[in-house]
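> Protein chains in written order, with our numbering: chain A, 1 to 286; chain B, 1 to 143; chain C, 1 to 315; chain D, 1 to 340.
The reader is advised that the hints may include incorrect statements.
Quick list of simulated restraints, FRET-style, between CB atoms [claimed, not checked]: (1) 10/A to 179/C: 44 to 50 Å; (2) 117/C to 16/D: 27 to 33 Å; (3) 43/C to 40/D: 53 to 59 Å; (4) 230/D to 20/C: 19 to 25 Å; (5) 114/B to 239/C: 29 to 35 Å; (6) 284/A to 230/D: 18 to 24 Å; (7) 138/C to 239/A: 45 to 51 Å; (8) 16/D to 42/A: 45 to 51 Å; (9) 203/D to 43/C: 36 to 42 Å; (10) 203/D to 284/A: 37 to 43 Å.
Calculated lysine-lysine pairs in the DSSO-like style (CA-CA distance at most 27 Å, straight line) [what the hints assert, rightly or not]: (11) 138/B to 30/D; (12) 138/B to 128/B; (13) 42/A to 121/D; (14) 30/C to 8/C; (15) 229/D to 218/D; (16) 229/D to 30/C; (17) 218/D to 12/D; (18) 153/D to 196/D; (19) 114/C to 30/D; (20) 229/D to 12/D; (21) 121/D to 174/D; (22) 194/D to 229/D.
Which residues of chain C face chain D? A partial, calculated answer using Cβ under 7 Å [to be verified]: (23) 30; (24) 32; (25) 39; (26) 41; (27) 59; (28) 93; (29) 122; (30) 203; (31) 206; (32) 208; (33) 213; (34) 226; (35) 232; (36) 235; (37) 266.
None of these hints come from the bench; they were simulated from the model. Small disclaimer: the values here were computed from a predicted structure and weren't measured. Ideal Cβ placement from N, Cα and C applies to all residues, glycine included.
Below, each chain spelled out in residue letters.
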Amino acid sequence: MIPVEKTIENPYLPMPATVERTFIETADRMIKTVELSLARSKDQAHFHFVPGQFCQISVFGKGEAPFGIASSPTETGPLRFTVNKAGVVTTAIHHLEIGDAVGLRGPLGHGYPIDRFEGKNIVIVSGGFAFTTQRALVAMMLDQNNRSRFGEITVIYGARTPGLLLYRDELRTWEQRDDLKTYLTVDQRDDTWGGLEGFVPDIVVQVAPSSANACAIVCGPPIMIRLTFPRLVQLGFGPDHIYTSLERRMKCGIGKCGRCNLGHLYVCKEGPVFSYARLQTLPRED
Amino acid sequence: MTPDWEPRIVAFLCNWCSYAGADLAGTSRIQYPPNIRVIRVPCSGRINPLFIIKALQMGADGVLVSGCHPGDCHYQTGNYLARRKAAVLRRFLEFLGIEMGRLHFSWVSAAEGTKFSQVVDEVTQAVKRLGPATRLVKARTWT
Amino acid sequence: MMEAQGEKIREVARRLLEQDRVDVVIGFEKGSLPLRASPVFVRTVAETHRLIWDCFCENNLARYLTRIDDHRVAIVAKGCDSRAIVALMAERQIPRERLTIIGVPCQRMVDRRKAAAAVHGEILAARCQDSNLDVEGRDFRRSLPRDAFLYLSCRLCTHRNPVIHDVLIGDPVEESTLNEPPSLRLERCSDHQRWAVFSQTVSSCVRCFACRQACPMCYCQECFVDASTPSWIGRGTDPSDIQMWHIVRAFHMAGRCVACGACERACPMEIDLFTMLEKLNRDVKELFAFEAGISADTTPPLGTHDPDDPGDFIL
Amino acid sequence: MTMKKIRKEDLKRRVEDLLETWQVFAPVWKEGMVEITEIDDPATMSLDGPPPRIPPKRLFFPQSEVLFHYAKDTRGVEIDSDPEVARRRVVLGVKPCDAHALSLLDCVFNGDRYQDPYYLKRREQTVVVALGCDEPALTCFCSSMESGPFSRKGADVFLTDIGAAYVVEVLTPKGHQLFEPSRLEDASPENLEKAKEREEAAQKTISSHVERAGLVDKLDEMAESVLWKYIHEKCIGCGVCTFLCPTCHCFDMVDEGDEAVGQRVRNWDSCQFPLYTLETSGRNPRPSGRERLRQRVMHKFNYFVKSFGQPACVGCGRCIIHCPVNLDVRRVIEAIWTAQ
Numbered sequence: 001m002i003p004v005e006k007t008i009e010n011p012y013l014p015m016p017a018t019v020e021r022t023f024i025e026t027a028d029r030m031i032k033t034v035e036l037s038l039a040r041s042k043d044q045a046h047f048h049f050v051p052g053q054f055c056q057i058s059v060f061g062k063g064e065a066p067f068g069i070a071s072s073p074t075e076t077g078p079l080r081f082t083v084n085k086a087g088v089v090t091t092a093i094h095h096l097e098i099g100d101a102v103g104l105r106g107p108l109g110h111g112y113p114i115d116r117f118e119g120k121n122i123v124i125v126s127g128g129f130a131f132t133t134q135r136a137l138v139a140m141m142l143d144q145n146n147r148s149r150f151g152e153i154t155v156i157y158g159a160r161t162p163g164l165l166l167y168r169d170e171l172r173t174w175e176q177r178d179d180l181k182t183y184l185t186v187d188q189r190d191d192t193w194g195g196l197e198g199f200v201p202d203i204v205v206q207v208a209p210s211s212a213n214a215c216a217i218v219c220g221p222p223i224m225i226r227l228t229f230p231r232l233v234q235l236g237f238g239p240d241h242i243y244t245s246l247e248r249r250m251k252c253g254i255g256k257c258g259r260c261n262l263g264h265l266y267v268c269k270e271g272p273v274f275s276y277a278r279l280q281t282l283p284r285e286d
Numbered sequence: 001m002t003p004d005w006e007p008r009i010v011a012f013l014c015n016w017c018s019y020a021g022a023d024l025a026g027t028s029r030i031q032y033p034p035n036i037r038v039i040r041v042p043c044s045g046r047i048n049p050l051f052i053i054k055a056l057q058m059g060a061d062g063v064l065v066s067g068c069h070p071g072d073c074h075y076q077t078g079n080y081l082a083r084r085k086a087a088v089l090r091r092f093l094e095f096l097g098i099e100m101g102r103l104h105f106s107w108v109s110a111a112e113g114t115k116f117s118q119v120v121d122e123v124t125q126a127v128k129r130l131g132p133a134t135r136l137v138k139a140r141t142w143t
Numbered sequence: 001m002m003e004a005q006g007e008k009i010r011e012v013a014r015r016l017l018e019q020d021r022v023d024v025v026i027g028f029e030k031g032s033l034p035l036r037a038s039p040v041f042v043r044t045v046a047e048t049h050r051l052i053w054d055c056f057c058e059n060n061l062a063r064y065l066t067r068i069d070d071h072r073v074a075i076v077a078k079g080c081d082s083r084a085i086v087a088l089m090a091e092r093q094i095p096r097e098r099l100t101i102i103g104v105p106c107q108r109m110v111d112r113r114k115a116a117a118a119v120h121g122e123i124l125a126a127r128c129q130d131s132n133l134d135v136e137g138r139d140f141r142r143s144l145p146r147d148a149f150l151y152l153s154c155r156l157c158t159h160r161n162p163v164i165h166d167v168l169i170g171d172p173v174e175e176s177t178l179n180e181p182p183s184l185r186l187e188r189c190s191d192h193q194r195w196a197v198f199s200q201t202v203s204s205c206v207r208c209f210a211c212r213q214a215c216p217m218c219y220c221q222e223c224f225v226d227a228s229t230p231s232w233i234g235r236g237t238d239p240s241d242i243q244m245w246h247i248v249r250a251f252h253m254a255g256r257c258v259a260c261g262a263c264e265r266a267c268p269m270e271i272d273l274f275t276m277l278e279k280l281n282r283d284v285k286e287l288f289a290f291e292a293g294i295s296a297d298t299t300p301p302l303g304t305h306d307p308d309d310p311g312d313f314i315l
Numbered sequence: 001m002t003m004k005k006i007r008k009e010d011l012k013r014r015v016e017d018l019l020e021t022w023q024v025f026a027p028v029w030k031e032g033m034v035e036i037t038e039i040d041d042p043a044t045m046s047l048d049g050p051p052p053r054i055p056p057k058r059l060f061f062p063q064s065e066v067l068f069h070y071a072k073d074t075r076g077v078e079i080d081s082d083p084e085v086a087r088r089r090v091v092l093g094v095k096p097c098d099a100h101a102l103s104l105l106d107c108v109f110n111g112d113r114y115q116d117p118y119y120l121k122r123r124e125q126t127v128v129v130a131l132g133c134d135e136p137a138l139t140c141f142c143s144s145m146e147s148g149p150f151s152r153k154g155a156d157v158f159l160t161d162i163g164a165a166y167v168v169e170v171l172t173p174k175g176h177q178l179f180e181p182s183r184l185e186d187a188s189p190e191n192l193e194k195a196k197e198r199e200e201a202a203q204k205t206i207s208s209h210v211e212r213a214g215l216v217d218k219l220d221e222m223a224e225s226v227l228w229k230y231i232h233e234k235c236i237g238c239g240v241c242t243f244l245c246p247t248c249h250c251f252d253m254v255d256e257g258d259e260a261v262g263q264r265v266r267n268w269d270s271c272q273f274p275l276y277t278l279e280t281s282g283r284n285p286r287p288s289g290r291e292r293l294r295q296r297v298m299h300k301f302n303y304f305v306k307s308f309g310q311p312a313c314v315g316c317g318r319c320i321i322h323c324p325v326n327l328d329v330r331r332v333i334e335a336i337w338t339a340q
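Bound conformation, chain A alone (with noise of 0.2 Å):
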């Protein structure tokens, strides 16, 4: 893991980033990945990153909002971001063109504990258009430096229709693959549709991933997790072995504005990736 450094600069200034390519990832269009790369040489060398952190986005004229980011440390080239356009940031981000300027506060928070990973068996359960960061996560596993470090990996990944699914092309590729083994669910199938028909916390018992040494990381629309959590336990998996990555209304992203706590802690800092023991030990907002 990369180690905290005690951050002595502004914290609150975004680093100018630039637009490098922007496309439509679903089929009801919206949702947009958007490419960013930094503009300044001295912020490209600084900005190292673990999967399941987040960057604060600017549109300057319109606020801010965060995204996880979705490429991994392991692909060089832009920062990838994934957006679901709903309020007045994220539909100005869908209206960005290529070469505009943003802003880019990050990376910030804590991502997934890779050293736990480690040696170990991953079960990525995902719903939606969570599934940004877990999609860093498999990326960073599966590359050819890294694979080794890990077991079995399986993915087991949800959307309402097939077109609400992320990353189709990158999907395809994955089921190809042998190195880890990809479950493909829709709430609702239609004619295009040859995997399976189900919700998430279903099709988790249904594949029945083994427990035996293995972490569990889902991410998905609160629902989606509440119930896919007891269902992971049945199937052996300690609480402590289960992460997941919450999302809160936010703005600063240093744990100083005070919006998105849980209990003592702040999502934006301590955060957003928390063992679904520690959840347990704070108090329930939702």
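Position chains B, C and D relative to chain A; hints supplied.
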């Protein structure tokens, strides 16, 4: 006030009458002062007083609201409702100290191109007499 | 008299709860500080002893009616609370059949800040007795004339008796005649002076929205200041944003304000919010012969029209 | 540390000297309220009045401040920020509770991982002169909150009023910039006796107490309790308690301007506002006043204690005095203690 100062006037025009009246003034080549910035609305009743106050805050030197003559509203009563809001609002803004001459209301039908030009002329003159708006105007501190 | 009213309120509340005619009684309890009472929600007979009535019951309890979950609600209502209830009924916000209105003819409420400013040293105990406000501190004891320490809205009040009630606590009081409204004096000033007064008045606003939250008539699901698409108003301390907040808030009260003064009492910066509302109320009465919260069957004036409405200002 | 003293008129003279190079802030009466504001004449300051309506935190963490300006064109974006403070500043007559509150804000803004340069610059450049509080009010419960009417926490210089003079304690190197102790007269044993009397008398005046031993655990037990429904019920959801609180520090960040040029501003925000936690999806983890009031109480008396070892409350009583519905935080804590 600089000698060549020209007021900026925001005009909220009803789509069914005054907007067409303005159009008619244009196609009939009737001259009127170029000081208005037109915002087309579906009905004078659609105009939330907030729009007027916001226009003044954003630096409009004057605001004109123009709708259909009594009895002519496309939606039956929109202009009557607008009239009530206007009657209270203009007195209220005046009470707070925003000059009465900044806010104007008119009935202009689609056939009244000439009247439209006269209204704009009158409003522009009235706002000119007051000079640039200063009250309630938000200063752009960032430029 | 007020103690007797308190006893009667407790008695009525006890009966309503005993007979299971209501789920909750909203009233006042003794405050934690001198010169204060505090809203209370009583749901059991055992809690009815908490209910009180005195000259510090300053909040407009009707503001809770648009938020409460309980089905059958009894509410202690002085004149202005009852007007807010009627105004909310006129706007179809609360169903009459779920309400039991415990009307209280109002002796008018004491302005706690004015009282505190009138003496040197902290007031440690206060109590209204007849026409006096007796206050006590570490090294003083004073009897102040209560009428000189009323809230401005109370001094101008012309509806001290509840306009609607199911039970009336005590005898009706004699209504006061209207004093000169403070806005008249301002009307005689130049626009320059009026703007100076308004901009100075609201300049200390901290945007805590206590005025909005205390108001019984502010129940919008999304207030215009909270909207983001579009964003109508800057979120900072720019004077024009603060002015705009107060103008739009007040104007949204036109024809709806029941003149209770709850906004002004709630303001931590003691901003005079009442004068502009009083001006609006006066204009609405003059233009449309309407007073908010008197009749539940009359549509509020800005929600209706008359073909003969004044329109001589229209070009 | 030797105890010094300064006569009241000498303090005024010292302020006059300071005014040439320093920015001087002090409590001033304005329209029936005390406000801490910049002064240009020591005669206007009123050191022995009640606490300022808005606590001095706003001199370090203003209600609205620009974080940076941006200017964007086809070549990219320029971002500039200047958290500098032009001149050295002194704040006179800070109540000990308010000074203590600054030491709590330091915990937040001078964090282990991220520091807030805007707040910290102002803190560095400002000397805080606290004055012992001789007249605690009914609503003061500072001594229950690890503070007190004569708490020295957060102060650079501490004054005790002994009649014609103040006993002066210069507590930090920053304080030395203001008062070089060697140039002040020593306080006499009688002066010190008098100062001690004042301090003891003030402590005795505090009549209000909040039980804190074990409160963190009790609040943990009560986190899911139905009691919050009844505690919050009278709350009207305004921001008075948070905006007037000397330790509340929540903020919002917004852009002002257009896409080409503008600024990012941070403004005070309040955990009592629904918008504070409302997510774009429409989900709100704190959907009602019940969760929002619980958040405020838990943050002050549980979360902050877990993070920094002390409560985020100094017992100044502002939230009690100015709450529009007299929702008294002391009664809230009592209700929690008596709940099963």
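> Run every hint past the structure and note whether it holds.
For each hint, the structure was consulted:
Checked against the hint of 44 to 50 Å, the pair residue 10/A and residue 179/C fails, with Cβ atoms roughly 57 Å apart. Distance hint check: the CB atoms of residue 117/C and residue 16/D are about 31 Å apart, consistent with the given range 27 to 33 Å. The supplied range of 53 to 59 Å is met by residue 43/C and residue 40/D, whose beta-carbon atoms lie about 57 Å from each other. Under the hint 19 to 25 Å, the C-beta atoms of residue 230/D and residue 20/C, about 20 Å apart, fit the expected range.
Distance hint for residue 114/B and residue 239/C: a CB-CB separation of about 42 Å, inconsistent with the stated range 29 to 35 Å. A hinted range of 18 to 24 Å holds for the C-beta pair residue 284/A and residue 230/D, which are about 19 Å apart. The hinted window of 45 to 51 Å between residue 138/C and residue 239/A is violated, with their beta carbons roughly 58 Å apart. At about 48 Å, the CB distance of residue 16/D to residue 42/A agrees with the hint of 45 to 51 Å.
Separated by about 41 Å at the C-beta atoms, residue 203/D and residue 43/C satisfy the suggested range of 36 to 42 Å. Evaluation of the 37 to 43 Å hint for residue 203/D and residue 284/A yields a pass: the beta carbon distance comes to about 41 Å. Of the supplied pair hints, the one linking residue 138/B and residue 30/D holds, its CA atoms being roughly 26 Å apart against a limit of 27 Å. For the proposed pair residue 138/B and residue 128/B, the alpha carbon gap of about 20 Å is at most 27 Å, so the pair holds.
With a C-alpha separation of about 25 Å, the suggested pairing of residue 42/A with residue 121/D holds against the 27 Å cut-off. With a C-alpha separation of about 16 Å, the suggested pair residue 30/C and residue 8/C falls inside the 27 Å cut-off, and the hint holds. For the proposed pair residue 229/D and residue 218/D, the alpha carbon gap of about 17 Å is at most 27 Å, so the pair holds. As the CA atoms of residue 229/D and residue 30/C are separated by approximately 20 Å, the hinted pair is consistent with the 27 Å bound.
A threshold of 27 Å between alpha carbons decides the hint, and for residue 218/D with residue 12/D the separation of about 49 Å lies outside it, so the pair is violated. Between residue 153/D and residue 196/D the alpha-carbon distance is near 18 Å, which keeps this suggested pair within the 27 Å criterion. For the given pair, residue 114/C sits about 15 Å from residue 30/D by alpha-carbon distance, which is consistent with the 27 Å threshold. For the suggested pair residue 229/D and residue 12/D, the alpha carbons sit about 52 Å apart, so the restraint of at most 27 Å is broken.
Between residue 121/D and residue 174/D the alpha-carbon distance is near 13 Å, which keeps this suggested pair within the 27 Å criterion. Among the hinted pairs, residue 194/D with residue 229/D is inconsistent with the structure: their alpha-carbon atoms are about 49 Å apart, more than 27 Å. The beta carbon of residue 30/C comes no nearer than 10 Å to any beta carbon in chain D, farther than 7 Å, and the hint placing it at the interface is violated. Because the closest C-beta pair between residue 32/C and chain D is about 4 Å apart, less than 7 Å, the hint holds.
Interface restraint check: residue 39/C against chain D, minimum CB-CB distance 4 Å, threshold 7 Å, status holds. For residue 41/C, the interface hint holds, the least distance from its beta-carbon to any beta-carbon of chain D being 5 Å, beneath 7 Å. Given the 7 Å rule on beta carbons, the hint for residue 59/C holds: about 6 Å separates it from the nearest Cβ of chain D. For residue 93/C, the interface hint is violated, the least distance from its beta-carbon to any beta-carbon of chain D being 17 Å, above 7 Å.
Because the closest C-beta pair between residue 122/C and chain D is about 5 Å apart, less than 7 Å, the hint holds. Of the supplied interface hints, the one on residue 203/C is violated, with its beta-carbon coming no nearer than about 10 Å to a beta-carbon of chain D, more than 7 Å. Look at residue 206/C: its Cβ gets to within about 5 Å of chain D, closer than 7 Å, so that hint holds up. At a threshold of 7 Å, the smallest CB-CB gap from residue 208/C to chain D is about 4 Å, leaving the interface hint in force.
Annotation: interface hint on residue 213/C holds; nearest CB of chain D at approximately 4 Å, less than 7 Å. Checking residue 226/C against chain D by beta carbon gives a least distance of about 5 Å; that is within 7 Å, so the hint holds. With a least beta-carbon distance of about 13 Å to chain D, the hint placing residue 232/C at the interface is violated under the 7 Å criterion. Look at residue 235/C: its Cβ gets to within about 5 Å of chain D, closer than 7 Å, so that hint holds up.
For the restraint placing residue 266/C at the interface with chain D, the shortest Cβ-Cβ distance is roughly 4 Å, inside the 7 Å limit, so the hint holds.
Of the numbered hints given earlier, the model fails hints 1, 5, 7, 17, 20, 22, 23, 28, 30, 35; all others are met.
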